[in-house]
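Undergrad: Take these sequences, add in the hints, and give me the full structure.
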Amino acid sequence: MSRDVLVIGGGIAGIQASLDLAEQGFTVYLVERLPSIGGKMAQLDKTFPTNDCSICIMGPKLFEVERHPNTQLLTYTDVEAVKGGAGNFTVTVRKKARYVDEAKCTACGLCAEKCPVSVPDVFNMNMDTRSAIYKYFPQGIPSVYTIDDSVCRIFKGKKCNICAKICEAKAVNYEQKDAVFDLNVGAIIVATGFDVFDPSDIKPYGYGTIPDVITAMEFERLLNASGPTGGHLERLSSLNTKAEIEQLEKQIKHAKAGLKRAEKNGQNSDKVDEVKKRLAEMNESLDGLKAKEASLAELRDIAFVQCVGSRDLRYNAHCCSYGCMHSVKEAVVATEHESELKSTIFFTDMRAYGKEFHEYCLRGGSEYGIHFVRGRVAEIAQGDGGRPVVWCEDMDTRKVEQHPFDLVVLATACVPSQGSASLATMLGFNLDESGFVKTDPNKPVDTSVQGIFVCGCAQGPMDIPSSVSLASAAASMAVQTVKALG
Amino acid sequence: METELRIGVFVCHCGINIAGVLDIEDLCEYAGTLPNVVTVQPNLFTCAETGTSGIKNAVKEHDLNRVVVAACTPRTHEPIFRASCQEAGINPYFFEMVNIREHCSWVHRHDREAAQGKARDLIRMAVARAMFLEPIETFKSKVEPRALVIGAGIAGMSSALALAGEGFDVTLLEKKAEMGGLLRDLHKVAPSEVGAGELVEQKVAAIKQEGRIQCFTSATLEEVSGYVGNYSATFSSNGNTHTHKVGAIIVATGGAPLKPMGLYNYDGKRVITQSELETKLKSGKLDAKSIVMIQCVGARIPERNYCSRICCMVAIKNSLHIKEIAKDAKVFVLYRDIQAYGVENEALFLKAKEAGVRFIRYNLESPPVVGDGNVEIYHPAMGKEVPLPAELVVLSTPIVAHDDAESVSRILKVPVNEYRFFLEAHAKLSPLDFATNGIYLCGNAHYPATVREAISQALGAASRASIILSHDAIERVGTVARVDQELCSSCFACVKVCPYQVPHMDEGGKAMIEPMQCQGCGICVAECPAEAIQFGYVSDAQIMAACEALCA
Amino acid sequence: MNNFEPLIAVFSCHYCSYAAADLAGSSRIQYPPNIRVIKIPCTGRVSVNHILKALECGADGVYVAGCLEGTCHFISGNFKAKQRVQYAKNLLSEINMEPERVQMYFMSAAEGAKFANVAKEMTETIRELGPSPLGQNKSE
Amino acid sequence: MSIQDLIERTKVSFCQDCGVCTGSCPVSRVLPGFSPQQMVGKFVLSADLGLEDEALSDRDMWSCLTCALCLQRCPSKVEYLEFVRAVREEAFRTGNKATFAHDGVIETIVNMQRGGLHQNKTAWAREAGQIAESGEYYLFVGCLPYFDVLFRDMGISSLGSASHMLKMLNKLGIEPVVSDEERCCGHDLLWSGNVDVFKELAAFNIEMIKRCGSKKVIFGCPEGYVAFKAYYPLYFGELDFEVVHFYDLVGEQIKDGALKLSRVEEQTVTYHDPCRLGRMAGIYEAPRELIAGMPGMTLVEMERNRENAVCCGVSCWANCSSYSKQIQMDRLKEAEATGADALITACPKCKIHFTCALSSSDMKMEVKDLTEVMAASALEH
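Residue numbers (our numbering), protein chains in the order written: chain L, 1 to 486; chain D, 487 to 1038; chain E, 1039 to 1178; chain R, 1179 to 1559.
Think of the hints as simulated: they come from the structure by calculation, not from any bench. Where is the CB? At the ideal position from N, CA and C, for every residue including glycine. Don't take each hint at face value.
DSS-like cross-link-like pairs, simulated, lysine-lysine; straight-line CA separation at most 25 Å [said to hold, decoys possible]: (1) L:K399 / D:K694; (2) E:K1120 / D:K982; (3) L:K61 / D:K626; (4) D:K839 / L:K438; (5) L:K203 / R:K1433; (6) R:K1546 / L:K399; (7) L:K203 / R:K1511; (8) D:K542 / L:K170; (9) R:K1255 / L:K399; (10) D:K694 / L:K443; (11) D:K837 / L:K438; (12) R:K1255 / D:K839; (13) D:K542 / L:K104; (14) D:K837 / R:K1255; (15) L:K443 / D:K768; (16) L:K158 / L:K170; (17) D:K809 / R:K1255; (18) L:K483 / D:K809; (19) L:K443 / D:K837; (20) L:K399 / R:K1511; (21) L:K264 / L:K242; (22) D:K813 / R:K1255; (23) D:K813 / L:K483.
A short list of chain L residues far from chain D (calculated; beta carbon distances all over 12 Å) [said to hold, decoys possible]: (24) M41; (25) G157; (26) K342; (27) S467.
TA: And the structure:
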């Protein structure tokens, strides 16, 4: 028997549920599979309808849940098996090796600076790079670094111990092993959140082939001050071009050095000429790239495409609940970055059903000049210079129109998180037709298994306040369970 | 201060993070020259075990009564060092932290000389500030393990039951003669298809069985005084007046659908509201063969510019129920935007389409016109006005706040918005809390909600309230403002400026700040013209000392 | 005048601008070493007198850095601060000191770069204005 | 079938009023006022108001190309294709018929095949290769002989394609049945509402193939393939022979090494997916693999390819007008923009329509039939 509670998932729902429980005096284990808690909300730039900076309002909660004497944070940890029932669950968890001693690491970041590996940064939606030893995001909690053993040179059998050498706290430990242990709890709260739908499947939208068609979450990172552009609004094509320029400049520098050496050593003139010729070619393509970059510098017209993979019987029948407001917010924030910017939102139904939502949309139109077009986008073609062209029937004028944009942002569906099906099997609860955790509408946080509760987007697509409300509700049910049975 | 000030300064290398840019030896030497500094110690990592025990030992060895650590950001490390101070036997607030990492070594790597100067300045300012630090004590306030729940609709009843389930006593107030609220008159709730009355009766029965819940019907809240953990609520019920001591309060006063007087020929007979339709469905008295429903009646219009969230689903639910009774009945739903968010709602929307319910969109510029036996609507595909047969017209009207929301708001000193829905502490992260500690909200009182949502919020509000109720006493760190009533000139400046409406005038006409309610922002402290408000946590003396130490 | 290095006091709130400064640090964004941060719980804590006192004590410039407008952790503290900064500016005009020596800035905890830019901007502004006429206080 | 049943069966009332169909429809882009969504919306409302005659007399249904792009993209999975087919069937009965191009000649020829006609459908085949009178394989030639007559002036040899198909089969050791008794597959009748005659022809063909004892019926034409594969079973239940597309069959043989593709002249080509072969039969990759498998051939894709390909602008020989031309020209320009020397298609009708459009332009693009292109590579040695 146990009166402790396990919370699975360290996003805003899991954090809120943990805090509610901890503050009522219950011991909480908060398990998060990633190196830091924070979840999707930590990736957002701002939140609607108040335009609050997401990490600013969330940051204090991250600290609070880490520091609370009644919580035990188990990050970088997977749930592996569950036995028992309400009042007495035995949960086996695997705390994955970070290869960094959490108690010693001071998060100084020197290791990451010197690490020779560079891989796409998932937190920044792969639009930036990180090193093999990394912090999931700057404000991540616990504030420690982690070695990604899937990319680290050491774990590929290569010679490298730069991070261990540079770390003065002696926190790096390549010998660290996963720790597998059991937790005894009286109730479990599932707060495993959601995934963002991958729109590459929807071929007519050109995601993955047209560079300036991006997802709403990618746009969120582009708006963010800690994002890949430092919050400077740029098109992805411009970022790509910049990367190409950087690459080419490196090559030119290299070639120039080679030329100097060749001339100095008095090598035969043919070879020198050849290098000169190549250098000239490279300079020419550099000029071309720079011209391209200049042409991409201005970002004026952004399209927001709603219901991408949602309300679509071919992909997900359900509505993502927050997409309309999310896009209005992104349009508002983008305009705050760049006042000359024009945003157009292509929508099916404008689902602004929450408190202050409808008013927010109206303000978006009147104060930020957002252009709302009723009509779902039919296809996104590639126009002149690779610019995305949006085809759509305007349902108010009943005209088929095509408009070129500098950037197209896809409001992608909210889908069950990757591990939710296997977690359901492991814990034995049912899922609904969309793959979210099934609940009785009149018992909104009860799963089909007694003593296991659900909150946040694991239960279904919902906005942040609903997730937070549900988290508190799950905490209440967990308390009632452990008080009765634990 | 009577006792001699004895300050210890600890300077962190943070490996090479600080020491790589700053000359720690020089900083230590310099700190030693500052007034009242009796010991200075460098550490490789002050936050490591050796560092914190170093602080503790130094406190004992040098009889320190103030500790200054020059290291990284207090936002992450202050709690660690405060704990060390406490363990060493000095007040944890006799501690000051200097950020020479994030604010110095990391950001001035290329100008070491200036960085060194800045670090010296920062340490000097901290030592100066440390001289004026005040001890902060935590204080306790007893908690009444009983909650007051105002409103016994589905939200209030669910909250009360959850609180009782968690082991707390509940006083439940209902202004009507019976519990149940809005659901009493309704037919079935979607998507569970449970009878609304049945759901109410289940809850009422559970409440009656639950010894911890005391329910008062025909009740009116009259007065509330006190603060978190310790409220006193006076209310009348069936002619008697009661006063209950409660630790927390949940506002679940609900809302009601708008009566669409003067809209679309509303007459309550041939043109009715959705709830009137549900009464008909419940009694089986629906015989119309053609029904037209009009959405957004009185909502999302300039006078009432909000979306009432639930009306689309109510219309969809009821149209399905009509189709169940009479498969051949024609049902048209005229909408502006269908709000079928999420999984369940969208599925029900599809189910209605499958059942043959027709959905036709209209624009606010060309609203439907209710005629005799028909409703004329501009049909976009037809490109013209089309009369739809309508033996019955059903208007979907928004949930509006109850008239008494304002009086509840006044009694509890919690705000409402322009449509008189109660205003939560934070739209995103505190949706169920009021800015005032110890008072929570749920259900339609907050904003229109489906039954699922109302129950979720009710359970959530119960959890929030339980945080207070689960403690015998609430501990609060005294980082709060206090009024020196001797100095108070009764100018009301603090009353006006406080974002949380905490300061108030006591019987003697002097300002009072209830420490349990104070949030510790210090806004009133800066506002008070008489310097009557003390704020030991960040006192004027500390700030002034830091300013004076700006220059060597 | 080019060698003049201004001394600038910054009143920085715990929840946003101090956090922004921390982020500038962990992101290693370099900015001029002329500012001295005084941490307060909320910019609403800063009184007009604090601002003036900093000038009197030798600061060549003072700015208050709070949360973005509408997102103050304490609801309205930053608005109050904005008013008080304006008040201080008006007073400076009266005593014939440049009101630009005092400024109000708003930033979120996620805006490390903005913190650095503001520090840069303010340093430049004060450098342009030259040393505070109260400079002699420094040596006293 | 009642109109309400039709609505329910085709899920047209599931429409979300979102406009994806119209925004995608190649006709809507060039013919203002035409919209699949509007067509459906009008129909449903008219039916609901009891105005069934009005619903069935609408002419919009004949503007539809039945290209299935709207069906492909509709988020509500409205069965547009089946809706149009069924509505045309109902409308045809009330006298609301399509307007046929080419003076209706083709429709008439098809209708003529109902009687006790004895055709001369094997002459070309005997010339081109070896055929049998009965056996496992049946080669369904379809309309190619008539097209050969009709469009010879345009320089299109439809029989060339048939001959090459036969030669390649022979090379694989297959001597298929080709029959004089074969009738039109009925595809065009089905899509112009004349279901009664469609059924007559279908019944005749099924009987005829049974008589030949064939177990595998090979098609080169996507329309015949789809008519047999999807629509014959709808009316006659499961067929007792297999319906095989030539490209699938040949593709297998190439993979097995039974057929070799030799080097062809270096060229860059692009491939146009016929609606019937692509969206309706789901055959996207087989033709591409064949093209890519010919050494010397470089395949480049148009922006709109596979499930997003656009129609060649005409279906069922109905409604060929300025908008068809516009659609064709846009598609040809798209092909030209890829830098390809030739546009390869896999449907004799697409080839005819594109060739026709090309003849009135100064584009240098060539339009080729995949079977013929392949023959050059497969039959060389």
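Undergrad: Would the hint linking K1255 of chain R and K399 of chain L be met if the CA-CA limit is 25 Å?
TA: 22 Å, holds
Undergrad: Between K542 of chain D and K104 of chain L, does the CA-CA distance stay at or below 25 Å?
TA: Holds, at about 20 Å.
Undergrad: Take a quick look at whether K837 of chain D and K438 of chain L sit within 25 Å of each other, Cα to Cα.
TA: Holds: K837 of chain D and K438 of chain L sit about 18 Å apart, inside 25 Å.
Undergrad: Decide if the proposed pair is consistent with the structure: K809 of chain D and K1255 of chain R, CA atoms, cutoff 25 Å inclusive.
TA: OK: K809 of chain D and K1255 of chain R at ~23 Å, within 25 Å.
Undergrad: Holds or violated: K694 of chain D with K443 of chain L, Cα cutoff 25 Å?
TA: Roughly 20 Å separates the two Cα atoms, so the pair holds.
Undergrad: Would you check the hint for K1120 of chain E and K982 of chain D, treating anything up to 25 Å between C-alpha atoms as holding?
TA: 17 Å, holds
Undergrad: Do the alpha carbons of K399 of chain L and K694 of chain D lie within 25 Å of each other, as the hint requires?
TA: Given pair K399 of chain L, K694 of chain D is violated - Cα atoms ~61 Å apart, limit 25 Å.
Undergrad: Would you mind confirming whether the straight-line C-alpha gap from K443 of chain L to K837 of chain D stays at or under 25 Å?
TA: Distance ~22 Å between K443 of chain L and K837 of chain D Cα, so the pair holds.
Undergrad: Given the proposed pairing of K813 of chain D with K1255 of chain R, does the C-alpha separation stay at or below 25 Å?
TA: Distance ~24 Å between K813 of chain D and K1255 of chain R Cα, so the pair holds.
Undergrad: Is it true that the CA of K158 of chain L sits at most 25 Å from the CA of K170 of chain L?
TA: Distance ~21 Å between K158 of chain L and K170 of chain L Cα, so the pair holds.
Undergrad: Is it true that the CA of K61 of chain L sits at most 25 Å from the CA of K626 of chain D?
TA: 24 Å, holds
Undergrad: Is K542 of chain D within 25 Å of K170 of chain L, Cα to Cα?
TA: 24 Å, holds
The structure shown violates the earlier hints numbered 1, 5, 6, 18, 21, 23, 24 and 27.
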